[in-house]
Each structure stands twice: as structure tokens, then as C-alpha cells.
Amino acid sequence: MSWEVVMGLEVHLQLATKSKIFSGAANQFGAEPNVQACAVDLGMPGMLPVLNSEAVRYAVMFGLAIDARLGKRSVFDRKNYFYPDLPKGYQVSQFFEPIVCEGQFDIPMEDGSLFPVRITRAHLEEDAGKSVHDAYTGQTGVDLNRAGTPLLEIVTEPDFRTAAQAVAYLKALHSLAIYLGISDGNMAEGSMRCDINVSLRPTGSEDFGTRTEIKNVNSFKFVEKAIAIETERQQDVLESGGTITQETRLYDADKNETRAMRSKEVANDYRYFPEPDLLPIIIDDEYIDAIKSALPELPRIKRSRFMSEYELSQYDAALLVDTPTLANYFETAAIKSAAPKLTANWILGDLAAALNRENLDIDESPVSAEALAGLITRIADSTLSSKLAKQVFEGLWQQEGTADAIIEARGLKQVTDTGALEAMVDQVIADHPEQVTQYRAADENKQKKLTGFFVGQVMKASKGQANPQLLNTLLISKLRES
Amino acid sequence: MAQEALTYASATELSISLKTAEISSVELTEACIDAIAAHNGTVNAVVTLCEESALAEAKAADLKLRDGSAGPLTGIPLLHKDIFCTRNVATTCASKMLANFVPPYDATVVSRLRTAGTVMLGKTNMDEFAMGSSTETSVFGVTRNPWDLNCVPGGSSGGAAAAVAAGFAPLSTGTDTGGSIRQPASLCGITGLKPTYGRVSRLGIIAFASSLDQAGPMTRTVEDAALMLQAMSGVDAGDSTSADLDVPDFTAGLNQPIAGLKIGIPREYFNHNLDQRVANKIHEALNELVKEGAELVDIDLPHTEQGIATYYIIAPAEASTNLSRYDGVRFGHRCDSPQNLTDLYERSRSEGFGEEVQRRILVGTYALSAGFYDAYFKKAQQVRRLISEDFQKAFERCDVIAGPAAPGTAFPLGAKSDDPLAMYLEDIYTLSVNLAGLPGLSIPAGFIDGMPVGLQLIGRSFDEATLLKMGHRFQLCTNHHRATPTMTGVNQ
Amino acid sequence: MPTIPADVLSVAQLARLRIDETALDDVTDRFSRTLELVAQLEEVDTEGVTPMSNPHDMHQRLRADMVTESNQREALQKTAPAVADGFFLVPKVID
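Residue numbers (our numbering), protein chains in the order written: chain A, 525 to 1006; chain B, 870 to 1361; chain C, 24 to 118.
In isolation and in its complexed conformation, chain A is listed as follows (with noise of 0.2 Å):
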């Protein structure tokens, strides 16, 4: 039996907002425990919520981004459970009519397609706050600083069949929200959190199977394992003739598996009903116009102004999109040395390899964008080559200068000159009269071989300086006179 995978993701994006969704206690992460949980965040007796303004700006924000409907008229809901982290007993959230309805999401894959992800709804909420399990003997701390933080959850039709997909469609997500500057991202600090639902299915089949939620997937990585982990066990119970119950799950790093949360075992009625301290959000055109004329350049506007502008293959332009630093570093990089294609092809392979090498990001490094575009010129007038570059490069890195002065002071120059590198040609030839014959006498393939020997020798006598492409021409017209 094969099985098809269906995967829908839920995301809860933490908006970097200053102050809560419904207080004006600061929302900032790290805090001492309870020091940013107002009244209001504490559900103490007779307080009330009040909306903060940039919440909305950022959700529809993210709407007009992946071009959605807009909920004009968009009402808050209370989602009812009880939960030590949930002080009043409810959520605040919005169930039956959401800020933002559905919209598009094009994901640039690595094999150069576009994978088209629907977005059903993207809703505004508030966050819980957080529990400490370990530190007091039989008890939990209940620390509720995170409690009114502005959250947009965003989800998505089950349109994922594999995780390389489900991980481009956060990947792209996460940098559509560094690009708006609504949320920082982090999964890590839990500014970003993951829920998978997965299913699987009958290859062919039109039905979907139960599923199961995995919660708060919080990293790129884990949500490759915690898809293929449960993948894998659902495929072991169907195979083995038993069925999925519908759960919540949690993925477990440490031992690599997916176990049921206790704490939802007993089916929730979270009697949804609307918010009667909050009023319906509506949102006009002008409105509207004023958010759209004032977003930046999105991810996916610029990476088709890069293949069409630069000619680069959607997947470089995509990756070089993935934040607005890195995009701006290249498009300056680029314009400079007036070789665009060349420097996508240095950022994302020897700059970036530094980078990671050193875990530095791209604002981090110590080579400038027109430092770099001062190599790339120096590679396109092909005073360089390759591999002399990459020398050049290291001394960029050491920050010894631009590169220019590099190559001076390192006497780096290419040999393009042709009187001078057939001179060396002529020297190797006479030096080696064996190989010489021997290539003269030998098959087309053996010749390649022993050109790789001359090549060799003119490259050590000129200290690698020859520049390949002239070098190789000379040879083979040298080697075939007799």
C-alpha cells in the first residue's frame, strides 16, 4: 500500500508590537516573570481589553502581502478553556469572522517551480503565558508576562504533501515577516511557532484520513523530523490494521518521537462566542490604501524584479530575497560591479560558506558590499581568476583592504597578457620534449589528459597567475604544430 502524506500548517506569529494586543504592558521577551503582566493581562476583577492599533496595521499588513480578502468587518471571539497560563479562563481570539479571509502563497521551490500554498485565514489573538514545570517540587510557576502578546495566527489549507515543502512555505513565510518588520521571527525565543496537522491517505485517494496536530514545532529543523516521525508511526498503525485517534501531539527532540499531550486528552468545547468587551474591528478602504501604499517591496515582487532584472534563476533569486538585509547587500554588490550574476554566485556560495563557518549573519560581515563588488569587478575584467579570487577573497575577510590593494599587495595579477604566457608555453614545451611527442602521438582522449600535465607546469611557473581560458588556447594550437 502506498500512502500519500496531507499536511496543513498552523503558524502563530508573534507581532513586535510594543505593548500587549489588549493592555499597555510592554511586550518585550526575557523579562523577569510577572513584571509585564498588567491587570488587564491578569484578568484581575472588572478589567477590560482595549485594541492596540499597530496590531490590526500588521495584520492587514500581512494580508495585502499574500493578497487576500480582507475581513472589513472582523469581530473578536472568546475561545473558553481552563489552563494555569490562561488567566482569564478564555482566550481572547477571533473564530467566525477573522481580520484576514483567504489568500495566496506562491513558495519558490528549489527545483525552480512555484508551489502554490492557500492561506484559508490569518486571525489576530492573544497569546497565553508560560508555565515552568521543573523549578518547584510537585508544583508549576505560572509566569504570565507573555500573556496578552499579539498574535496572528495564519493558516493553511492541507495543500503540503512532502516537508521539504511545509519547510520552504515557514522559511518564506518567516521572511515575508522580517520584510513587513511585523514579527522578528524567532522560533527559537517562540516568536514563531509551528502546528502540523498531518494525515495520511491511500495514494489516489480523494479522502482524507484523520489526522493528528502536532503543537509548537519550533524550529526548521524539527519540523523535517517531527513530519517524517509521524509520518512513519501513522503509516505503522494503518499498516498494521489499527486506526489514528485524533489528537494532539508533541514532537520530542531528545528522543526523536511524537507522544499525545496529556493535558488535552478530555475533549475541549471551547464554546466560541463573541467578545462582548470588544467591539467589531471595521476597516475602510482608505484605510486600506494607506497600509497597501506604505508596504515595503515584498519577497516576491523583488525576486521577480531580480530574474528578470539580473537574469537570475528563480531559486538564487529566492534565496537571495530571503531578508531585506541580504537582498540590499547584493542588489548593491551587484549594481557596483555591474555583474550581477557573479556576485549571487559569491554570496551564496564562498561568502556565505564564511558566514556560517564563523555564525555571523549578513549585516555581520566583515566584508562590505562594495568591498565584495570591488573583487567582482576585479573577476569580470578577468584581472583574476577563480582561484586567485578566492585569495583575495580571504584577504577581504582579514579586511586588509579592498581588493585592489589585495591583489597589489600580493602581486595577485592575473598573466593575461599573451606575449608573456606564450613565452612560458614555449618554455614548458622545450623543457618537456617526451610529454610533447607523446601528446602528439596520442588519441583525442589521452591528449585531454596530458594537456592537464602542460597546464600544470605553466600554472606553477607563473605562480597560478596564467589565466586559464588564454593559457589552454595557447597550448593546444602550440602542441599541435609539429
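Some hints could be false.
Unchecked claim - Some but not every residue of chain A turned toward chain C, in silico, with C-beta under 8 Å:
(1) Pro800
(2) Val960
(3) Thr961
As the list claims (entries may be wrong) - Computed cross-link-like contacts, BS3-like style, restricted to lysine-lysine with a CA-CA straight-line distance of at most 27 Å:
(4) C:Lys115 with A:Lys739
(5) C:Lys101 with A:Lys654
(6) C:Lys101 with C:Lys115
I should point out that these hints are in silico values taken from the structure, not numbers from a laboratory.
It should be emphasised that the depicted structure is a prediction, and the values quoted were computed from it without experimental measurement.
Backbone N, C-alpha and C define an ideal beta-carbon position, used for all residues, glycine too.
Given the structure of chain A, go ahead and fit chains B and C onto it with the hints provided.
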């Protein structure tokens, strides 16, 4: 001014005496404290007395009265229903659940009335969490009606009504969700106003039913109610449901004539279900208004009967979730040695909440639950709109709607406490007004066998001014509001 | 529709209320009668009527995104039943 005259004087009259230095705020406050000392043991209207701080506030008020910076309410003693959060003063909602709750903040209404110069005497008794019409479910015990100590004062603002009726203070705040200001005002022979929903801030008032609750004045006269309403009203940025509308000068228009104003009489109110004697009293009262030039018009409020069912789905539903925060975790009652989380929740809540509160939580939870939401809650919300539309249509033909504030006079303690449905019927004339969010005024209209009867006037949204004008005119022509109880009862 | 004790118990569970066995029948009875009262609404024709959550046609005001609340932990935790190092304590929750 004689002691008794002092405690039964209206705030308006007292303000004059204070300004002319005939009396001081300290003397006035002491008189109230004495009245409470003399009779609260029996009446049990006041549950927390703030003697020290009240006298300090009175002293400060006297300074203002001397230096000319006093307003119309400066130095006037006032009580707050124990549902208003008062900073550093116990606020219990008459419940074991909040017996130890001392808020570090004031309700907006409390701070506005303080700014207006009133002297806070203490907190009044109420039905637990405002759920009741008789003040018999309080953890502090029953409050007795000063007109007959064996009878209820009404509820849930029964303590406030009894206190004002008994002369403990000229003013008290109350809250009204289904009639909790108007019905006790009627049963205790005082004036009570429920403003339009959104006229007064709900911030800091312990919530019962969020879309129905309103705070309002409970006083001896309409004039005083206007003064208090002035100080209480106005938009509050901290309450999203408070209306961003200008507050008219409620006192300015009081003396305007009411000639030409049309008073709608709903056919549905005066049917066979209404005690004929109450109906007669109301008609007598309406005649006074007709003498002053008002016209009576027959109107229909077709969904009156369904008001009770509608209210008893919506109010408990909202309340059931408003009360979820009482879980023994951050404040309020926590059971001893909770074994696990579920035990903590279940025992804390079952120990902390009284029976009626638990009943309403159950009904409300049920009405919202899966499979029943459409048939109960959503249906009730739809009928609510029909009820509101009934009033809108009626107001095309009249300016004010009149009727009884309660189906009868005060009933004996214990008479209805075993029959919740009979108790719910107490509010039949009042709860539709909350559903529609309209303002409602209850004023003393006479007596039946020595027990007060209240006339209710209902106005258009945000048209408290017309109600006050008409109520004041009625009080210029009648004396029911000046009567004072003797505070006796057969079993005293 | 008559209610049975089991219905009442499941509603009580949702509301985290514990009903004493001895009180269960009485609670069920009163619960039942209240539901009968409200069942009257079934007869009302509400076809096409928009539910009313709030009596006026107002919409939500927006608050400027500013921090206006300072740390009031001490005051707010004064009457808390169980606190340690700033945390509220509850019996251990196992997930």
C-alpha cells in the same frame, strides 16, 4: 438641621447647607456614620464601613468648601455597591470567592466620583456577583427592607437601595444588568437610574454580563441622580464599550416643562399578569404627568414575554465566561491542599461560589456549548434584536415608555428564594431595557399597604435628559420620594 | 427537553464545578426548569435576523501602541494564594 433631617435630606439640599456652612462635611459624615451604627445591625445594608478614611475625606472636603473650589457633590457622603473596585478597600461582590480581595485599583466610576468631591463611606450589600433580585444570596447575609424588616429590599443592589432609604447616605452607586438598580429602588421607595449602555464606564466594575451591565446612581431624588450621573458619565478609553459621545448637562434641563411629551403605555405590561393594585398606582402616577401636559399613547412591545427567556440565556452565558477567571490561581478563594489542577479548579470554585451563581454558570455554559449554541445563545441574540427593534418602533410614536418597575411590592424574605423562576419574573419589566441598552429610571410612585411602588420610565438611547426632566417634574408634583421608613417589622 | 444528571455533570465539568452527589438531583431539576423557560424562544420567528451582541452600532476604538503600564507585580500579587520568585504556583501540570 436635625439629625434625622440631615440623613434624609437630598444631596442637592445638603450641598446648599454645606456651601453656606450651615453644616460641615465632617458633621454630615458623622451623622451618616451614626445612622449606620444605629440601624445597620438590623438592615445590614453596609458591609464595609470606611470610617477613618471617610472622615479624612470629609475634612479635606471642608477645606474645599471654605476656599470656594467646591462642586455640587463636594463633601457629600456616598456608598459604593460592593461590586465597584475600590483601591485598598475590600471588594467582595458579596461572595466567598472574593472575601479576601482588596484591589490595588479604583473603578473609573469610583475615581470620577472622588474627583467630584464625594466622601466614600463604605460598601453596600448585594446579591452574590449581582445575580439575584432580593439580596438574599450574599455571603454577608440578607439585607432587610427598611419599610418592612421582614421583607427583601430587592436586588441585586439591595444594600444600596436600603442604605439610601434608611438614611445611611444620600447617595449610592448601583449596577443594573436586568433591573438591579430599578427594582430595588422601586421596592425601597427611592430613585434609581440605569443609564444607556455605554454612557458610564464599566472599567473596574466586576463583570456579570458584559453587554448588559451598567452602573448608575441610587438617590433620594431625580435631581440628585442627575448630579451623580453627571460626575459618572463620559467615555473611558479603558472601556471599549463606553460611548464616545458628549455628555449633556443633565442638571440644566431638569426644570424644563414636559408638556407635549408623549408617554407610551405598552399593552403587554398591563395585562392580567400585573397585580391590579400596582397597575392602579402606575395609572395614578401617569395622571400626574398628564396634568403636567404629557400625553399618553398606547404602544406595543410584542416580544415582552420572551424577554425573560432571552435574558436568562444571554446573561448567564456571558457571566459563565466572565466568572472563569475565578480559579484560585492569581487571586480570590483557593481550596486547601489542592491535589492536582482539576481539584484546584473544581473545589476552589465550588467552595467559593454560592448556589445561584453556580446554577447560572451551568445554564450559561450549556447555552454556549457545542450543539446548543445555535438553539440557545444565537437564538437569544436574534430575539434580542427583535426586542430592541420593538422599542425603536415604539419610540417613533412616543418619547418615553412608562410602566411598573417591578410586578409587586417587596415580598417577604425567603418567599421566592426556593423558586428561581419566580425570582426571575421580578425583572419582567426591567430586563428588556438592558437587552436593548436603553436608559431606565425608577421613581417612587406611591404605596400599597405601606410598601413602596416604583414607576419606571424608559427612554431612547442616550436620552437620559428626557427621563430626568420627566422624573423631576413628577417629584415636583408628588411627595412619595420624601417619605421615610420607620424601620419596623413584625418579627423584629 | 428534560435534562438528566449526566448532562448536568458534563456541563459542570466544562465549567470546573463539582456537584455534590446529594445535590445532583436538585440541581438537575432546577437546571431542567430553567431550560424549559428558555425553550419558549423556539416559537419566535427569527428568520434573517442578525444576532445582537451589543446594543449599539458602535465599532472598536483603537489604542496607540505605547507602553503605559509599569511593573506592578508586588501590588498585583499581594492577595495571590501562592507565589514564589514572582511566579504564580499551581499543582504540577503534566503535559
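Practice problem: If any of the earlier hints don't hold here, list their numbers in rising order. | Solution: 2, 3
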